[in-house]
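Participant: Please work from the sequences and hints to get the whole structure.
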Amino acid sequence: MLGACSVPGTPRDDAPSRPAKAVGYLDKADAPDSLRLVPPPPAAGSPGMALDEAVSRQALALRDTPRFTQATEDADLSFPSGARQFACALGVPVDAQRTPHLYALLERSRIDASAATKAAKNHYQRARPFMVNGEPTCTPEDEDGLRDNGSYPSGHSAIGWAWALILTEVAPDRADDLLDRGRNYAESRLVCNVHWQSDILEGRHMGAAAVARLHDNAAFRADLDAARGEVAAARAAGLKPAEDCAAQAQRLQVRPESAL
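In this text, residue positions in the sequence shown follow my numbering: the first is 11, and each later residue adds one.
Some hints could be false.
[Said to hold, decoys possible] Cut-off 20 angstroms, straight-line C-alpha distance, at most; resulting in silico cross-link-like pairs (SDA-like, lysine to any residue): (1) LYS250 <-> ARG184; (2) LYS128 <-> LEU47; (3) LYS38 <-> HIS225; (4) LYS128 <-> GLU117; (5) LYS250 <-> GLY239; (6) LYS128 <-> ASP40; (7) LYS38 <-> GLY239; (8) LYS31 <-> LEU87; (9) LYS38 <-> ASN132; (10) LYS128 <-> ALA85; (11) LYS250 <-> LEU61; (12) LYS128 <-> ARG94.
Please keep in mind that the hints were generated in silico from the structure rather than gathered at the bench. All figures in this text were calculated on a predicted structure; none of them were measured in a lab.
Facilitator: Below you can see the structure in the form of structure tokens.
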């Protein structure tokens, strides 16, 4: 794998061809069925809903703090920004030029993990916290679209947890950092006031379900194998993420107190 890399910072000769619009690895029929795999969301007046509301209140208290700033950054799933969300936890930069297979792995699995949440989202059409508490979100420009997109389960949480699991296979020695990032990436949705705690917990469940399905896909496995070599090459070249990883780590130490 290392021999397939050109000079660090230049494109790979064996970079995967990328369509104009990214597509997932899985056919639609192969996506996990969230309507079967997650229970109904907590009902109004139930203990589960009371816990969701308590965590939401604690998350709202983090507005205008560095943790809120981090949550705003975490909201961006567009690429190339999305490729960098786990760079600090991974310990190397991720981009389409230097790590093209890793970049494709994250971009394509994002689509599959998101698809894994859609059946339940569309069925339950759960109202998001900002629609209930009347408080703003960290991405006001997205609020109109979010109103028509069910809250349960959380797509961002599914994606973040899928990325965490996939990246632990790419870099097993960074597993704790990556899994911690998967957890706090989901918690950013609480801080943003766009998801309830039960949304993010079941979102992580669906992210894991998507990764289980992905392992039966030959293209996914090929990108996974190639990504391991790219990370090894980046480490050998001494490449480091461009992000301020120390500042990110400090921001992410803060959690809503009742978050599970």
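Participant: All hints, please: hold or fail.
Facilitator: Hint check results:
no.: 1; hint: LYS250 <-> ARG184; verdict: holds (14 angstroms)
no.: 2; hint: LYS128 <-> LEU47; verdict: holds (12 angstroms)
no.: 3; hint: LYS38 <-> HIS225; verdict: holds (16 angstroms)
no.: 4; hint: LYS128 <-> GLU117; verdict: holds (18 angstroms)
no.: 5; hint: LYS250 <-> GLY239; verdict: holds (16 angstroms)
no.: 6; hint: LYS128 <-> ASP40; verdict: holds (13 angstroms)
no.: 7; hint: LYS38 <-> GLY239; verdict: violated (30 angstroms)
no.: 8; hint: LYS31 <-> LEU87; verdict: holds (14 angstroms)
no.: 9; hint: LYS38 <-> ASN132; verdict: holds (15 angstroms)
no.: 10; hint: LYS128 <-> ALA85; verdict: holds (18 angstroms)
no.: 11; hint: LYS250 <-> LEU61; verdict: violated (40 angstroms)
no.: 12; hint: LYS128 <-> ARG94; verdict: violated (25 angstroms)
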